[in-house]
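Q: Sequence:
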Amino acid sequence: MTRKAFLGVGAAAVCSGAFGGIALALGGPDELLRPPVVRDEAEFASRCIRCYRCISVCPTGVLAPATLDDGLLAMRTPKVDFHRGYCDFCNKCVDVCPTRAIEACDPLQPSEGRIGYAVVQPDRCLAYSTGCLECEEACPYDAISLDADNRPVVNVDACNGCGTCEYVCPALVYRSFSGGTRRGIVVVKNEAQEEKQRASIEG
Numbered sequence: 001m002t003r004k005a006f007l008g009v010g011a012a013a014v015c016s017g018a019f020g021g022i023a024l025a026l027g028g029p030d031e032l033l034r035p036p037v038v039r040d041e042a043e044f045a046s047r048c049i050r051c052y053r054c055i056s057v058c059p060t061g062v063l064a065p066a067t068l069d070d071g072l073l074a075m076r077t078p079k080v081d082f083h084r085g086y087c088d089f090c091n092k093c094v095d096v097c098p099t100r101a102i103e104a105c106d107p108l109q110p111s112e113g114r115i116g117y118a119v120v121q122p123d124r125c126l127a128y129s130t131g132c133l134e135c136e137e138a139c140p141y142d143a144i145s146l147d148a149d150n151r152p153v154v155n156v157d158a159c160n161g162c163g164t165c166e167y168v169c170p171a172l173v174y175r176s177f178s179g180g181t182r183r184g185i186v187v188v189k190n191e192a193q194e195e196k197q198r199a200s201i202e203g
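Numbering follows my numbering, with no gaps: position 17 of the sequence shown is 17.
A portion of the hints provided could be inaccurate.
To be verified - Ranges of calculated distance between the beta carbons of each label pair, as one might list FRET restraints:
{"hint": "1", "residue 1": "R100", "residue 2": "E137", "range": "35 to 41 Å"}
{"hint": "2", "residue 1": "E112", "residue 2": "E137", "range": "24 to 30 Å"}
{"hint": "3", "residue 1": "Q109", "residue 2": "V57", "range": "22 to 28 Å"}
{"hint": "4", "residue 1": "D142", "residue 2": "V173", "range": "22 to 28 Å"}
{"hint": "5", "residue 1": "S129", "residue 2": "L68", "range": "34 to 40 Å"}
{"hint": "6", "residue 1": "E191", "residue 2": "A138", "range": "23 to 29 Å"}
{"hint": "7", "residue 1": "D149", "residue 2": "V173", "range": "22 to 28 Å"}
No wet-lab data here; the hints were simulated from the structure. Here a beta-carbon is modelled for each residue, glycine too, at the ideal position from N, C-alpha and C.
Turn these sequences into a full structure, and let the hints steer you where they fit.
A: In structure tokens form, the structure reads like this:
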């Protein structure tokens, strides 16, 4: 390899690393909701070959390919989008994954197979204004109850992040609020996301 070629390869590697760091810093894989159970992000990224088999076989349509907005390193990997559907933990994505990037899980054991957990958005939730019981009635795992004012309360220990609540939420669907994409209840991946959501609401 010539000196010029060597320097070119080195520059490309540096640029690639820089773009990767920017992608992660801008809220890529660390915030993306993944199919259950995805291995840790580093191993998942090394195993996933972007073949779309999991996306094409998903019966509810909840899986979608990540875009550049999700981070450069995450592009075309499968992510969960609860505006499209919900996860019923059928494990069909597990069955078709050729590299075992996705593993089977038990939806009744949230600690082992959690996609994320639901967080109520008081500024969007219709139960805080006109009244709504959609998420509580739809939750297949009884993870949502109602308080004394008929407002939804999430039992995080019982929630596995299936997204049924977000999928059926009428707040954005019925255009009760304008702007944005956030519904009255959303599934987040971790505590940092929850804090970010609360800060945006309170701010």
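Q: Each hint should be assessed against the structure and marked as holding or not.
A: Okay, the hints, checked on the actual structure:
1. Evaluation of the 35 to 41 Å hint for R100 and E137 yields a pass: the beta carbon distance comes to about 37 Å.
2. At roughly 27 Å, the beta-carbon separation of E112 and E137 lies within the given 24 to 30 Å, and the hint holds.
3. For the pair Q109 and V57, the supplied restraint of 22 to 28 Å holds, since their beta-carbon distance comes to about 23 Å.
4. For D142 paired with V173, a C-beta distance near 23 Å keeps the hint of 22 to 28 Å intact.
5. The hint said 34 to 40 Å for the Cβ distance between S129 and L68, and at roughly 36 Å that hint holds.
6. One distance hint, 23 to 29 Å for the beta-carbon pair E191 and A138, holds here, with the actual separation near 25 Å.
7. Checked against the hint of 22 to 28 Å, the pair D149 and V173 passes, with Cβ atoms roughly 23 Å apart.
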